Amino acid sequence: GEDVEQSLFLSVREGDSSVINCTYTDSSSTYLYWYKQEPGAGLQLLTYIFSNMDMKQDQRLTVLLNKKDKHLSLRIADTQTGDSAIYFCAESPYGGSQGNLIFGKGTKLSVKP
Amino acid sequence: DGGITQSPKYLFRKEGQNVTLSCEQNLNHDAMYWYRQDPGQGLRLIYYSQIVNDFQKGDIAEGYSVSREKKESFPLTVTSAQKNPTAFYLCASTAGSSYEQYFGPGTRLTVT
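Protein sequence lines correspond, in order, to chains A and B. Heads up: take any position in the first sequence, counting from 1, add 1, and you land on the working numbering. Heads up: take any position in the second sequence, counting from 1, add 2, and you land on the working numbering.
Be a bit skeptical, because a hint or two may be false.
Simulated crosslink set (DSS-like; lysine-lysine; CA at most 25 Å straight-line) [said to hold, decoys possible]:
| id | chain 1 | residue 1 | chain 2 | residue 2 |
| --- | --- | --- | --- | --- |
| 1 | B | Lys72 | A | Lys106 |
| 2 | B | Lys59 | A | Lys106 |
| 3 | B | Lys72 | B | Lys59 |
| 4 | A | Lys109 | A | Lys57 |
| 5 | B | Lys59 | B | Lys85 |
| 6 | B | Lys16 | B | Lys73 |
| 7 | B | Lys85 | B | Lys73 |
| 8 | A | Lys109 | B | Lys11 |
| 9 | A | Lys106 | B | Lys11 |
| 10 | A | Lys113 | A | Lys71 |
| 11 | A | Lys57 | A | Lys106 |
| 12 | B | Lys72 | B | Lys11 |
Which chain B residues face chain A? A few, computed with CB under 10 Å, are given here [to be verified]:
| id | residue |
| --- | --- |
| 13 | Gly44 |
| 14 | Asn86 |
| 15 | Ala94 |
Derived from the structure by calculation, the hints contain no laboratory data. Small disclaimer: the values here were computed from a predicted structure and weren't measured. We put the beta carbon where it would ideally sit given N, CA and C, even for glycine.
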């Protein structure tokens with residue numbers, strides 16, 4: 002079945018870059034997503050990448066996709082204390098035909114001043 | 003403002019009672035989803051609906067029921083058959099032509 006794996010914790014200093022990694026198993030996944038969740042809140046869609054792309058950049062966020070290794074990463078440049086949150090990687094199984102997403106358990110990013 | 007609303011934000015119930023969680027969207031999205039989140043866990047799919055009057059079970063549908071009588075509404079009922087109902091429940095929606103799935107603010111249900 003589908004599975005998405007992430008490391009659970011990451012700690013960085015303010016101003017450094019953060020890299021959050023994710024591996025997935027469904028080779029038919031059409032889109033891969035990164036969501037951010039602040040305490041007690043819903044999930045905020047940060048960015049997503051189509052499976053035929055290698056990289057996508059959006060302001061401070063860079064997504065890298067290695068489809069051969071089924072590895073996805075999210076790089077946050079110049080990390081700020083406001084970036085402290087849980088970051089979820091998600092894949093769209095079945096080629097996205099059903100619309101539901103499979104989520105990893107989330108990586109808790111702590112940014113120290 | 004367009005978006006997804008879930009109410010209430012916090013809900014408390016006694017064991018053995020059914021409870022219904024509200025999810026409304028004014029984004030004109032076709033598909034709607036219910037996920038459950040437990041501490042330290044990712045989201046798990048309970049039910050989803052791609053069109054009005056139709057819905058499918060997700061990975062953990064036992065003890066839950068839904069309806070989709072209107073495009074903008076997708077209420078979730080947590081029944082007394084659900085063994086561990088205490089959790090954070092998130093509703094999401096997607097436009098038919100899009101792969102962007104948006105989430106509501108969530109409802110935290112506590113059953114004692």
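Cross-check of the supplied hints:
Between B/Lys72 and A/Lys106, the direct Cα distance comes to roughly 32 Å. Violation of the 25 Å bound is thereby established for this hinted pair. Only pairs whose Cα atoms come within 25 Å are accepted, and B/Lys59 paired with A/Lys106 is accepted, the gap being roughly 21 Å. With a C-alpha separation of about 18 Å, the suggested pairing of B/Lys72 with B/Lys59 holds against the 25 Å cut-off. Taking the CA atoms of A/Lys109 and A/Lys57, the gap is about 22 Å. The hint holds against a cut of 25 Å.
Between B/Lys59 and B/Lys85, the direct Cα distance comes to roughly 17 Å. Compliance with the 25 Å bound is thereby established for this hinted pair. With a C-alpha separation of about 31 Å, the suggested pairing of B/Lys16 with B/Lys73 is violated against the 25 Å cut-off. For the hint linking B/Lys85 to B/Lys73, the alpha-carbon distance of about 30 Å lies beyond 25 Å, and the restraint is violated. Of the pairs offered as hints, the one joining A/Lys109 and B/Lys11 holds, with about 23 Å between alpha carbons and a cut-off of 25 Å not exceeded.
Restraint check: the Cα-Cα separation between A/Lys106 and B/Lys11 comes to about 22 Å, which is no more than 25 Å; the hinted pair holds. Straight-line distance between C-alpha atoms of A/Lys113 and A/Lys71 comes to about 30 Å, which puts the hinted pair past the 25 Å bound. A C-alpha spacing of about 23 Å is found between A/Lys57 and A/Lys106, which places the hinted pair at or below 25 Å, so the restraint holds. Taking the CA atoms of B/Lys72 and B/Lys11, the gap is near 22 Å; set against the 25 Å cutoff, the hint holds.
The restraint placing B/Gly44 at the interface with chain A holds, with a minimum CB-CB distance near 4 Å, inside the 10 Å limit. Hint status for B/Asn86: violated, given a least beta-carbon distance of 17 Å to chain A, over 10 Å. About 8 Å separates the beta-carbon of B/Ala94 from the nearest beta-carbon of chain A, less than 10 Å, and the hint is met.
Hints 1, 6, 7, 10 and 14, counting from the list given before, are not met by this structure.
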